[in-house]
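Chain by chain, the residues:
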Amino acid sequence: MLDVLELSGVFTFALTGALVGVRKDLDVLGILVLALVTGLGGGIVRDLLIGHVPPHALEDWPLPATATAAAVVVYFLHGPVQRLGRSILLLDSIGLSVFCVSGTVAAAHAGLSVGAATALGAVTAVGGGVIRDVLTAEVPLIFRGELYALPALLGALVSAVVEEADGPAPLYLLAAALCLVWRLLAVRRGWSAPSAWRRRAW
Amino acid sequence: MLDVLELSGVFTFALTGALVGVRKDLDVLGILVLALVTGLGGGIVRDLLIGHVPPHALEDWPLPATATAAAVVVYFLHGPVQRLGRSILLLDSIGLSVFCVSGTVAAAHAGLSVGAATALGAVTAVGGGVIRDVLTAEVPLIFRGELYALPALLGALVSAVVEEADGPAPLYLLAAALCLVWRLLAVRRGWSAPSAWRRRAW
Amino acid sequence: MLDVLELSGVFTFALTGALVGVRKDLDVLGILVLALVTGLGGGIVRDLLIGHVPPHALEDWPLPATATAAAVVVYFLHGPVQRLGRSILLLDSIGLSVFCVSGTVAAAHAGLSVGAATALGAVTAVGGGVIRDVLTAEVPLIFRGELYALPALLGALVSAVVEEADGPAPLYLLAAALCLVWRLLAVRRGWSAPSAWRRRAW
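Residue numbers (the working numbering), protein chains in the order written: chain A, 1 to 202; chain B, 1 to 202; chain C, 1 to 202.
Pulled out of the complex, with its shape left as it was, chain A reads as follows (with noise of 0.2 Å):
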């Protein structure tokens, strides 16, 4: 079942890094790294960050084959893939709160502190989306007003303290819901984070 949340998650922030790829007219190996490094990357910076290895994403060919295939189906329907819109932003959002708990739990096994497990979670969730910005020369999209990183923080602090309380499995659960939930409402409203504080004039 996790498993299965997992490799969508993975999936779907392929395509989303695959369709950057298309949108910029990168050629087929543009569009399949793109797709690779979103899907697979915040898991790969974690990994290195807590001395895991060769990473989950060389160990487990499920995972590159996964990306891989969300390539392929970009490379030849993206107009249709793109035309999903809506739903992609909802799988999209329930990738985001399946990696932000699953790394924060890998982070804590390996031994982090609360406070580390919770970093590790959100960069888990959020990484491959900025290492995808990087890579075409944007500033991060999460680092635009896009109300995207905050709701995956929420769920990998949760998860963090779940973890270190040794609370029962269905508060993951919770952890995860609750990142999804701000995601959405963030979405259908139109939230967004704001910017540097300024005065206002009264």
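It should be emphasised that the hints constitute simulated quantities derived from the structure, not laboratory data.
Incorrect hints may appear among the rest.
Chain copies aren't distinguished; within one or between two, either way the pair holds.
[As the list claims (entries may be wrong)] Think about it this way: if two alpha-carbon atoms lie no more than 25 Å apart in a straight line, the pair counts; the simulated SDA-like pairs of lysine to any residue are:
no.	residue 1	residue 2
1	Lys24	Pro194
2	Lys24	Ser113
3	Lys24	Thr136
4	Lys24	Glu59
5	Lys24	Ser87
6	Lys24	Glu146
7	Lys24	Leu174
8	Lys24	Gly145
9	Lys24	Trp197
10	Lys24	Pro170
11	Lys24	Leu171
12	Lys24	Ser195
With chain A held as given, fit chains B and C onto it using these hints.
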């Protein structure tokens, strides 16, 4: 004493990162992430390269706490902070001098050669700023004539030699002082690093 | 023999990195750093991912020395070097062929599967160029139609299969030759990698 210097270096580096975030009109998360990577990124890259995982920045909570504090200060008070101008430049130069020495020593203790320790000392000192510039889709400032990395390289080289020769502790102060003085003179006199050599006409 | 090939690959890759630095009017440090990361970056990323730390580039001084030499040559003689044009392209293709094989073998020796070793072989061959482009705020050249990474991927795949099957040494030469010939034909004939598939009108 050293810890205070190190943390004040992290704080100032993080300040400059957060200020770039404000100037680029990024959101609160972008400001926080730029503060964290600018303050801690050089040390994290060094730790990855010497195999010290998880990196210090994830183990010692004062490090990320200090960088986060700088982000909070900039978020609310970016106007006054920007007006500090010269004082930030001074603090930033102190941070540079401390990091090039402490980074070199950490690398040498991990068993690296004089040359490799020198390189990693310089990476510790300037790596955070490079990541900051990459994340904001800019060519790194230190490649564009700013005389910033060469003083750090000198400080790193001197400390690597002192470490190799098992020299007395005050010599590390000398290494840091050389870096600091060169950097401050460069700022005051407007010295810059030369670009590619071009044959002059007679 | 292999060492000579490897070092000549580092030298040529570093040349191309340094030339980009000159073209972008970076200072001496920018030219040096671009030479180092282009010549050594692919191998460093591979070493980090297989857990070989410190990476070879920090342990074997001929590697950084060779890259530094290339930076010095370009710093003083960028005009003549640029006029070499075709010869650099040939040397660069040889470097690509050597690195995709040596990177794959290093990954396989570290215990990685055929697929992972292939991926890391390709990363070794093209990673430095990608970092060079990221550091100069460009979308990586290898994503923009240049038929460069696909030959490396082929060479890596063949060597990974040879390694897995414990095949005789000359077959590695075949792997390198396949990469080299495909790459040189691509240069000569102007072949490029296809971008996203688009239904043709009848």
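Against the structure, the hints:
In the homo-oligomer, the alpha carbons of Lys24 and Pro194 lie at most 25 Å apart only across protomers (13 Å), although the nearest pairing inside one protomer, at 28 Å, exceeds that limit. Taking the shortest alpha-carbon separations for Lys24 and Ser113, neither the intra-copy value of 40 Å nor the inter-copy value of 33 Å comes in at or below 25 Å. Taking the shortest Cα distances, Lys24 and Thr136 sit within 25 Å of each other both inside one copy (8 Å) and across copies (18 Å). Neither within a single protomer nor between protomers do Lys24 and Glu59 lie at most 25 Å apart by alpha-carbon distance, with minima of 31 Å and 39 Å respectively.
In this homomeric assembly, Lys24 and Ser87 come within 25 Å of each other (Cα to Cα) only inside a single copy, at 22 Å, whereas the closest approach across copies is 31 Å. In the homo-oligomer, the alpha carbons of Lys24 and Glu146 lie at most 25 Å apart both inside one protomer (20 Å) and across protomers (15 Å), since each shortest distance falls under that limit. Within a single copy, Lys24 and Leu174 get their C-alpha atoms no closer than 37 Å, and across copies no closer than 35 Å, so neither meets the 25 Å cut-off. Taking identical chains as interchangeable, the C-alpha atoms of Lys24 and Gly145 lie at most 25 Å apart whether they share a chain (22 Å) or sit on different chains (12 Å).
In this homomeric assembly, Lys24 and Trp197 come within 25 Å of each other (Cα to Cα) only across copies, at 14 Å, whereas the closest approach inside a single copy is 33 Å. Taking CA atoms no more than 25 Å apart as the test, Lys24 paired with Pro170 passes in neither setting, with 42 Å inside one copy and 41 Å between copies. Taking identical chains as interchangeable, the C-alpha atoms of Lys24 and Leu171 are never at most 25 Å apart, the minima being 41 Å within one chain and 38 Å between chains. Taking the shortest alpha-carbon separations for Lys24 and Ser195, only the inter-copy value of 10 Å comes in at or below 25 Å, while the best intra-copy value is 27 Å.
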